[in-house]
Each structure stands twice: as C-alpha cells, then as structure tokens.
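Construct all of the structure, not just a fragment, from the sequences and the given hints.
Residues in the sequence shown are numbered from 67 upward in steps of one, following the working numbering.
Everything labelled a hint here was simulated from the structure, so no lab data went into it.
Certain hints may be false.
Simulated restraints on C-beta separations [unchecked claim]: (1) 138 <-> 76: 34 to 42 angstroms; (2) 86 <-> 125: 39 to 47 angstroms; (3) 89 <-> 114: 34 to 42 angstroms; (4) 143 <-> 99: 17 to 25 angstroms; (5) 143 <-> 102: 19 to 27 angstroms; (6) 139 <-> 76: 32 to 40 angstroms; (7) 93 <-> 125: 17 to 25 angstroms; (8) 146 <-> 118: 36 to 44 angstroms; (9) 90 <-> 69: 41 to 49 angstroms; (10) 118 <-> 89: 23 to 31 angstroms; (11) 116 <-> 76: 22 to 30 angstroms.
Computed from a prediction, not measured in an experiment: that's the story for all the values here.
For every residue, glycine included, the Cβ atom is placed at its ideal position computed from N, Cα and C.
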Amino acid sequence: MGLISLLWGIVAMLWMILALIPVIGITNWLLIPFAAVGAVIAAIGVLFTRTGRRGRAKAGLVINGIVIFVAIWRLGLGGGVL
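Put into structure tokens, the structure is as follows:
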C-alpha cells in the first residue's frame with residue numbers, strides 16, 4: 067500500500083504542476099478527488115502496516131496532502147474556474 071500511495075502521490079504532483087498553468091487550472095476539480103483517493107490508500111497503508119514499514123505510506127500521505135492543499139488554494143485564486 068505504501069508504494070502504491072507514493073506512486074499515486076507522484077502522479078498527482080505532476081498533474082498539479084500541469085494544473086498550475088492558467089487555462090488548465092480547471093483540472094484541479096478532478097485532481098482533488100484523485101489525490102484524496104491516494105491519501106486514503108496511504109492512510110490504510112499507515113494503519114495496517116507493520117511498524118517498521120510505514121515510511122512510503124507516510125510519504126504518500128504527505129505528498130497527497132500537499133497536492134490537495136495546493137489544488138484547493140489554486141481554485142481559490144482562480145475563482146474555481148482558472
């Protein structure tokens with residue numbers, strides 16, 4: 067679960083960088099649920115993984131959380147459209 071959430075977060079981060087372009091900013095509406103699914107996968111990985119093997123899941127949770135925060139911030143700046 068940790069590796070999946072980490073890869074999911076990397077894809078979401080790349081998508082977020084693309085969504086920072088003004089005309090493509092509306093894709094943040096799709097990015098937020100995508101990153102939320104990654105965060106849920108990471109949370110499951112953190113909760114149900116042995117103690118010493120949680121690093122990737124925690125990293126995925128942090129990356130997906132950052133992506134969600136930036137996407138919401140970007141939608142706020144653009145009025146939900148740009």
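Going through the hints against the structure:
1. 138 <-> 76: 34 to 42 angstroms: violated (20 angstroms)
2. 86 <-> 125: 39 to 47 angstroms: Roughly 22 angstroms apart at Cβ, these two residues miss the hinted range, so it is violated.
3. 89 <-> 114: 34 to 42 angstroms: holds (41 angstroms)
4. 143 <-> 99: 17 to 25 angstroms: Once the Cβ atoms are compared, 20 angstroms apart, the range 17 to 25 angstroms for residue 99 and residue 143 holds.
5. 143 <-> 102: 19 to 27 angstroms: Given a distance of about 20 angstroms, which is inside 19 to 27 angstroms, the answer is holds.
6. 139 <-> 76: 32 to 40 angstroms: Given about 20 angstroms between the Cβ atoms, the range is violated.
7. 93 <-> 125: 17 to 25 angstroms: Holds, since residue 93 and residue 125 (Cβ atoms, about 24 angstroms apart) stay within the stated range.
8. 146 <-> 118: 36 to 44 angstroms: holds (43 angstroms)
9. 90 <-> 69: 41 to 49 angstroms: The hint (41 to 49 angstroms, Cβ to Cβ) is violated, given that residue 90 and residue 69 are roughly 28 angstroms apart.
10. 118 <-> 89: 23 to 31 angstroms: violated (45 angstroms)
11. 116 <-> 76: 22 to 30 angstroms: Roughly 23 angstroms apart at Cβ, these two residues keep to the hinted range, so it holds.
In summary, the numbered hints that this structure violates are 1, 2, 6, 9, 10.
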